[in-house]
Amino acid sequence: MAVGPSEIEKIAHLARIRIAPDQIDEVASRLSDILGMVDQMQAVDTSSVAPMANPHDATQRLRPDAVTEPNQRDTFMAIAPQTEDGLFLVPKVIE
Amino acid sequence: MHSKTLRELADGLDSGQFSSEELTRHFLARINEHNPTVNAYITVMEEQAIAQAKAADARRANGKASVLDGIPLAHKDIFCTAGVRTSCASKMLDNFIAPYNATIVEKIAHAGMVTLGKTNMDEFAMGSSNETSWYGPVRNPWNTDCVPGGSSGGSAAAVAAGLAPASTGTDTGGSIRQPAALCNLTGLKPTYGLVSRYGMIAFASSLDQAGPMTRTAEDSALLLQAMAGFDEKDSTSLKRDIPDYSATLNDSLEGKVIGVPKEFFAEGLSDEIATKVRDALAEFEKQGAILKEISLPHSHLSIPCYYVIAPAEASTNLSRYDGVRYGHRCENPQDLADLYTRTREEGFGDEVKRRILVGTYALSAGFYDAYYRKAQRIRRLIKQDFIEAFKEVDIIAGPTSPNPAFGIGEKVNDPLTMYLEDMYTIAVNLAGIPGLSIPAGLVDGKPVGLQLIGKDFCEAELLNAAHRFQLVTDWHQQTPAAFA
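Chains as they are written, first to last, in the numbering used here: chain A, 1 to 95; chain Z, 1 to 484.
Think of the hints as simulated: they come from the structure by calculation, not from any bench.
Computed, partial: chain Z to chain A, Cβ under 10 Å:
1. 238
2. 355
3. 419
These numbers were taken from a predicted model, which means no experiment stands behind them. Ideal Cβ positions, reconstructed from N, Cα and C, are used throughout, including at glycine.
Given the sequences, and given the hints that come with them, work out the whole structure.
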């Protein structure tokens, strides 16, 4: 399936990636190529085949709901771009 | 010392021929000399390596050394190493100092091995040529105008050039086996769930597996032994009894049935590689194995299926890179949306962005069933092909890669052609089964890989077949002359 510039802008918004206006056509063309290749799948009737999410059809293992991890806030905040008083700082969201 | 196997190095350490510190300093000196050419390492951990080597020598002096104790190795820069930059070869994580160790990093350290450094790779493991790295391409030691394969290209080039005796890699669609093939190594992608993914930066979580990259099958068995095993911290890790992988290496191949898929010798395979692979298969016949032509009828769908599932999972996994908690953040963000979108525009390279966009599209409202669900159904058909085939055969064999190493820059602007390099490896990840690439000859001085594929958790069987092959061939002993 071919995707045009307006669809690219929509996908880029969903993915939260800025694409420079002069690159939109190029990205659209590349994505259309990939989606075109992927469309080979559509030739196969899979109506009676169950989807496979895990190659062993395994499901996530659950653990008891108990506290196991120590507090490592300082360790994890030490590598953050901007912090203050134990909080991650971002640009003002609400005026 | 730098062309010896892990087994030979263990013997050398045992007999006192050299110490771990001498061995480690030898590899560090070689890295210093050759890494500017090969670009196999992103980070060299000189100080830590020497400290680890001295500790290993002390354990050995006290008679407490295990088999791999004191032997150096390199980790792909996708594994978190506490206190050491873990970049995944991305600008996004160029400033990321991991606060903890990956489970396999812990396990390998527990076995006493010395970490020389972190190896170059395709950005976030997305690529088959190691050209998408933020730190520049890796060069193939066999021909420095050529790529080493990818995504574990730095791990492969480091061992091939004698800058490490072994390395770790990860394989989502062929990223251990294809670079192993292009650099003349033995590279194993274990069964999904055998090796912990904890602390391994996620690309496509239902496909990613870590594994060893070594010179021989014997070494692969030793390193896999140190890596494999259940991990509480990885929710997809499976509880299994881990066999002694070295114990069965010499078992006879008499009567083993090796399936040869006709689809793996069809259009797209270079003639020279077909010849080398057929010669290699004949060696197994000489050892009493029986070759049987089989069919994997859905294998032509593995690339389309993979290029939905892997990008879909990647787009989800990589949504965590938002410029808030760690990693790159753009300058002077105007608002939160600007912070996210510009951070991600600047932090990710072209191929990573492309896959995030494809994945986002495949998961978006209105397209989910046609792409993602469809791909998951095709995935079951691909797994089913293998289940059917393994009713009649013990092992499946064929080429690892359709072409030998290609020129740097040759395919980088043509993603669809690049994706075809993984046409024989991807189905193995989709099915979750183990795959191994071993050296099978040279074409114009470039290595060729033979791929052996096994049933779930049959790594020992693959290593046994590979070891028997390596007892009667010497392809795996060849090294590139420029790095003697």
